[in-house]
Amino acid sequence: MNPSFSGIILSPSHWAQLLEDVKSRLSEEACGFVLGEHNQARMIIPVENVLHDPYRFRMDPQEELEAFLLAEKQQWDVLAVYHSHPQGISQPSATDTAELTFPGIVYLILYQFSNHWQCRAFLMESGASVSEVPFIISSNA
168 MNPSFSGIIL SPSHWAQLLE DVKSRLSEEA CGFVLGEHNQ ARMIIPVENV
218 LHDPYRFRMD PQEELEAFLL AEKQQWDVLA VYHSHPQGIS QPSATDTAEL
268 TFPGIVYLIL YQFSNHWQCR AFLMESGASV SEVPFIISSN A
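Going by the working numbering, the sequence shown wraps up at 308, each residue one higher than the last.
Quick caveat, the hints were computed from the structure, so don't treat them as lab data. Just so it is clear, the structure is predicted and the values come from calculations on it, not from any experiment. Yeah, the Cβ is synthetic: ideal placement off N, Cα and C, and Gly gets one too. Possibly wrong hints are sitting among the right ones.
As the list claims (entries may be wrong) - Taking CB as the label site, the calculated pair distances span:
id, residue 1, residue 2, range
1, Ala261, Leu236, 18 to 24 Å
2, Ser293, Glu187, 31 to 37 Å
3, Gln241, Ser194, 28 to 34 Å
4, Asp220, Gln242, 32 to 38 Å
Produce the complete structure using the sequences and hints provided.
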């Protein structure tokens, strides 16, 4: 991670895409990737949760690979993994840290609070090291 890291920046349209995905999969944890450059999102990639579970997610391996190949082709970075917590928890769960797939990457967790969707961003490392980082929605993105 870049030491001058200033957070993940999404445009309002990218935020709308994330919300559309999580709202369409309320019965399970929605998941996917945020691709981009210089901490600014360029594309949201929804990925199937092969577990179809409201408390856990596991990305479809083929779709996961396709997202990484697309990032490489576009010369973008995988900025973040996103997933929803339909039951409302606003931080990484014990399962999230135990089953960490991509250490050193930002995880966006979308959750409902007072009937509104919110998002928090966490840099998750191996060994259960978790630190919150800025999540910004900006029309300048």
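Here's how the hints hold up against the structure:
1. Ala261 x Leu236: 18 to 24 Å: 32 Å, violated
2. Ser293 x Glu187: 31 to 37 Å: 32 Å, holds
3. Gln241 x Ser194: 28 to 34 Å: For Gln241 and Ser194 the Cβ distance comes to about 32 Å; the hint holds.
4. Asp220 x Gln242: 32 to 38 Å: 34 Å, holds
Against the hints set out earlier in the document, a violation occurs for number 1 only.
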